[in-house]
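**Q** Put chain B on the given structure of chain A with help from the hints.
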Amino acid sequence: MEKTLTPEESLRIIQKSISTSRKNIREGSFYYLLWGWALILAALANYFLIRHLVRMERYDDIMLLSLLAWGAFIIAAMIIQFVYQSRASKREKVVTHLDRYIQIIWITAGLLMVLMIFLSLKVQAYPTAFILGVTAMATAVSGLMIRFRPLVIGAVIFLAAAVIASYLKGTDQLLVFAVAMALGYLIPGYIIRTSKNGGDV
Amino acid sequence: MAVMYKDLDPILHSQLRLAIVSILVSVEKADFAYLKKETGATSGNLSVQITRLKEAGYIHVKKKFKGNFPQTTCTITTLGEEKFAAYVEAISGYLKPR
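Residue numbers (the working numbering), protein chains in the order written: chain A, 15 to 215; chain B, 404 to 501.
For reference, chain A alone in the conformation it holds in the complex (with noise of 0.2 Å):
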């Protein structure tokens, strides 16, 4: 049998067990840096894949290169992370309100990214400033969460691309694309993980 608690007993136990349920944001960097990996060389890869094609005259084939290019990496990044999510599932696991939150911000801002490309190939222009807008919401409001300004800071940054990006031609907004990640989601990502504690949400 227990012993009887007293009501200053509970409360301590109650606030005990209440904030050592928050969650390290150290996991977090894992995303930061594989999709900024992925989408930094996948904005390369493209770029060099138009401008051989335009040196070789291959301009019918731009758009279903350029396509598949961004295909293959995307999709080495899903699988990646999901041998990372089925690994890290047989640790111990808690899922937080915020995990739950910004699983949702991100799942909408992939299917809007996904609206995004569909109907700027259908007004025959480049996606790049509207993806770099969403991905600018979604990264800021995943940082606000967090209380983590790098990444904040990233979300602006993201803006700010996305503003650049429509002024440019089409090849040089892969460049600005390609720098925006480096600075919004690698800087903050290895800030995450070089520091000691990793900080507690």
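Don't read these hints as lab results, they were simulated from the structure.
Computed from a predicted structure; not experimentally measured.
A virtual CB, placed ideally from N, CA and C, is assigned to each residue, including glycine.
Just so you know, not all the hints are guaranteed correct.
Straight-line C-alpha distance at most 35 Å; calculated DSBU-like pairs for lysine-lysine [said to hold, decoys possible]:
no.	chain 1	residue 1	chain 2	residue 2
1	B	Lys432	A	Lys107
2	B	Lys432	A	Lys30
3	A	Lys183	B	Lys486
4	B	Lys440	A	Lys183
Sample of chain B residues lacking proximity to chain A, with all beta carbon distances greater than 12 Å (derived) [to be verified]:
no.	residue
5	Gln418
6	Ile423
7	Ser429
8	Ala433
9	Asp434
10	Ile453
11	Thr454
12	Lys457
13	Glu458
14	Gly460
15	Gln474
16	Leu482
17	Gly496
**A** Okay, now just chain B, sitting in the frame of chain A:
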């Protein structure tokens, strides 16, 4: 002493069960290994208390296999949230200076 706090919910007025419910009100869901680590309880005791909370309808327990690993995931129910809020209200009554 026990008589003094007789209006406190006996299901929650226990060190381990209160800790489990406090963790679950603050997260979406948590598995057995996480609860064991956070509460520092033994597997046997934790298992018994989870069953009691489940039987009382305070928490929902889902058991499944992830590969070869059994995984027990706990979430709080609406009843559990209401009872926890009432419990906090009741103990805050005792904590107020009289």
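**Q** Give a verdict on every hint.
**A** Evaluated hints:
1. B:Lys432 with A:Lys107: holds, 8 Å
2. B:Lys432 with A:Lys30: At roughly 18 Å apart (the allowed maximum being 35 Å), A:Lys30 and B:Lys432 satisfy the hint.
3. A:Lys183 with B:Lys486: Not OK: A:Lys183 and B:Lys486 at ~61 Å, beyond 35 Å, violated.
4. B:Lys440 with A:Lys183: The hint is violated at about 55 Å.
5. Gln418: violated, 6 Å
6. Ile423: Its Cβ does come within 12 Å of chain A, the nearest being 8 Å, so this is violated.
7. Ser429: Violated, because the least Cβ-Cβ distance between B:Ser429 and chain A comes to about 5 Å, which does not exceed 12 Å.
8. Ala433: Per Cβ check, B:Ala433 is inside 12 Å of chain A; nearest 4 Å; violated.
9. Asp434: violated, 5 Å
10. Ile453: holds, 15 Å
11. Thr454: Correct as stated: the minimum Cβ-Cβ distance to chain A is 16 Å, above 12 Å.
12. Lys457: holds, 18 Å
13. Glu458: The claim stands: B:Glu458 keeps its Cβ more than 12 Å from every Cβ of chain A (closest is about 17 Å).
14. Gly460: Since the minimum Cβ distance to chain A is about 20 Å, B:Gly460 lies beyond 12 Å and the statement holds.
15. Gln474: For B:Gln474, whose nearest Cβ neighbour in chain A is about 7 Å away, the distance does not exceed 12 Å, so it is violated.
16. Leu482: holds, 18 Å
17. Gly496: Given that some Cβ of chain A is not farther than 12 Å from that of B:Gly496, nearest at about 8 Å, it is violated.
Violated hints, in rising order: 3, 4, 5, 6, 7, 8, 9, 15, 17; the structure is consistent with all others.
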